[in-house]
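Enquirer: So the protein sequences, as listed, match chains A, B, C, D, E and F.
Note that the numbering used here has the first sequence beginning at 271, numbered continuously upward.
Note that the numbering used here has the second sequence beginning at 271, numbered continuously upward.
Note that the numbering used here has the third sequence beginning at 271, numbered continuously upward.
Note that the numbering used here has the fourth sequence beginning at 271, numbered continuously upward.
Note that the numbering used here has the fifth sequence beginning at 271, numbered continuously upward.
Note that the numbering used here has the sixth sequence beginning at 271, numbered continuously upward.
Warning: the hint list may mix true and false statements.
Since copy identity is lost for identical chains, a pair holds within one copy or between any two.
Straight-line Cα separation of at most 30 Å, BS3-like style, residue types lysine-lysine; simulated pairs [to be verified]: (1) 331 x 301; (2) 282 x 331; (3) 301 x 285; (4) 285 x 331; (5) 282 x 301.
These aren't lab readings, by the way, just hints derived from the structure by calculation.
There are 6 protein chains.
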Amino acid sequence: MIDLNMPLVEIKWFKGRDDATKARTIELVTKAICDATGCRPEDVTIIIHDVDRASWGRAGKPFG
Amino acid sequence: MIDLNMPLVEIKWFKGRDDATKARTIELVTKAICDATGCRPEDVTIIIHDVDRASWGRAGKPFG
Amino acid sequence: MIDLNMPLVEIKWFKGRDDATKARTIELVTKAICDATGCRPEDVTIIIHDVDRASWGRAGKPFG
Amino acid sequence: MIDLNMPLVEIKWFKGRDDATKARTIELVTKAICDATGCRPEDVTIIIHDVDRASWGRAGKPFG
Amino acid sequence: MIDLNMPLVEIKWFKGRDDATKARTIELVTKAICDATGCRPEDVTIIIHDVDRASWGRAGKPFG
Amino acid sequence: MIDLNMPLVEIKWFKGRDDATKARTIELVTKAICDATGCRPEDVTIIIHDVDRASWGRAGKPFG
Numbered sequence: 271m272i273d274l275n276m277p278l279v280e281i282k283w284f285k286g287r288d289d290a291t292k293a294r295t296i297e298l299v300t301k302a303i304c305d306a307t308g309c310r311p312e313d314v315t316i317i318i319h320d321v322d323r324a325s326w327g328r329a330g331k332p333f334g
Numbered sequence: 271m272i273d274l275n276m277p278l279v280e281i282k283w284f285k286g287r288d289d290a291t292k293a294r295t296i297e298l299v300t301k302a303i304c305d306a307t308g309c310r311p312e313d314v315t316i317i318i319h320d321v322d323r324a325s326w327g328r329a330g331k332p333f334g
Numbered sequence: 271m272i273d274l275n276m277p278l279v280e281i282k283w284f285k286g287r288d289d290a291t292k293a294r295t296i297e298l299v300t301k302a303i304c305d306a307t308g309c310r311p312e313d314v315t316i317i318i319h320d321v322d323r324a325s326w327g328r329a330g331k332p333f334g
Numbered sequence: 271m272i273d274l275n276m277p278l279v280e281i282k283w284f285k286g287r288d289d290a291t292k293a294r295t296i297e298l299v300t301k302a303i304c305d306a307t308g309c310r311p312e313d314v315t316i317i318i319h320d321v322d323r324a325s326w327g328r329a330g331k332p333f334g
Numbered sequence: 271m272i273d274l275n276m277p278l279v280e281i282k283w284f285k286g287r288d289d290a291t292k293a294r295t296i297e298l299v300t301k302a303i304c305d306a307t308g309c310r311p312e313d314v315t316i317i318i319h320d321v322d323r324a325s326w327g328r329a330g331k332p333f334g
Numbered sequence: 271m272i273d274l275n276m277p278l279v280e281i282k283w284f285k286g287r288d289d290a291t292k293a294r295t296i297e298l299v300t301k302a303i304c305d306a307t308g309c310r311p312e313d314v315t316i317i318i319h320d321v322d323r324a325s326w327g328r329a330g331k332p333f334g
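Chain A with its partners taken away, still in its complex shape:
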């Protein structure tokens, strides 16, 4: 049975991944969501945001 849950996935990571890695990520994450929930690939939307290391911090310090 198809589960209509319309997943919207947003990924933030360090800037630097190329388009081929993004395409592979979109492909594999879509498949993972469908396997886990029973939804259809055409209902899965994925948006990737590249973030500078200087704009990402943990423990009070930026990563770059």
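Place chains B, C, D, E and F on chain A using the hints.
Expert: Using the frame of chain A, we list chains B, C, D, E and F on its own:
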């Protein structure tokens, strides 16, 4: 009666819209929110995020 | 000409709007986005997040 | 080689998935991200947001 | 000199913090942002989102 | 007592702050969150998003 609901609107779309289109979007969406809820324009904040087509996927594939 | 820009709109506001107001907001904001950009209504996605006043602050103080 | 890209994944979908489905989604999406990018599972963070159908619209109408 | 940068801060954390802790967080984070950037408290907006532990994962497993 | 609440903080502001201001913001906001909630600095993640003034509106008009 004024409805103090402080709407914050974030819009993500494909990169490529120019500043005039952004200004027109900000104007019309603000008016739409006020018409629908009774809030004041000065309580509406709108932020637009431009996203590369290579970073946006559906059905397991990027749009560009 | 149709502009394929796939707008995704997220709205945050104070909890308390009923489903009819949400439906009216979805209708009017979708129309506003299409009028401003030339996209098709079926390409516009809108997600509304209700936020407690105690979880929303400005000038260092929560609204409720 | 390990790719330190610190992915943060946020998933929005219709309310109604149970905790077991969420756990399975977290497991499979983490694996997908690591397979696609070469990062370590412990660098992947996933947050799921449940959204009411009445708060999610497409083509100008709410889904529920 | 005042720096008009209009910071919008969104905080996600595990559900369970009470309103007094939220108010204290809003107060201290607003002050921190103003100290770091020179902006005015009335330009700082803060929104807090409570997230279930079952909806937050790291290393492929939910926290609760 | 340590409060494991894993705060994730995202800050949006006008583009133009330099890396030193970002580092100072990450340092002070992390400290503010820890002071307010009793969490550990290493559990606090901060992500900063720079936004063009032309993409940020209030009262129906962009800031720049």
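Enquirer: Each hint should be assessed against the structure and marked as holding or not.
Expert: Now the hints, each set against the structure:
Taking CA atoms no more than 30 Å apart as the test, residue 331 paired with residue 301 passes between copies only; the shortest distance there is 11 Å, against 35 Å inside one copy. For the identical chains of this complex, residue 282 and residue 331 are neighbours both inside a copy (18 Å) and across copies (18 Å), given an alpha-carbon limit of 30 Å. In the homo-oligomer, the alpha carbons of residue 301 and residue 285 lie at most 30 Å apart both inside one protomer (24 Å) and across protomers (20 Å), since each shortest distance falls under that limit. For the homomeric pair residue 285 and residue 331, the shortest alpha-carbon distances inside one copy (18 Å) and between copies (20 Å) are both at most 30 Å.
Taking CA atoms no more than 30 Å apart as the test, residue 282 paired with residue 301 passes in both settings, with 19 Å inside one copy and 16 Å between copies.
Every hint, counting from the list given before, is met by this structure.
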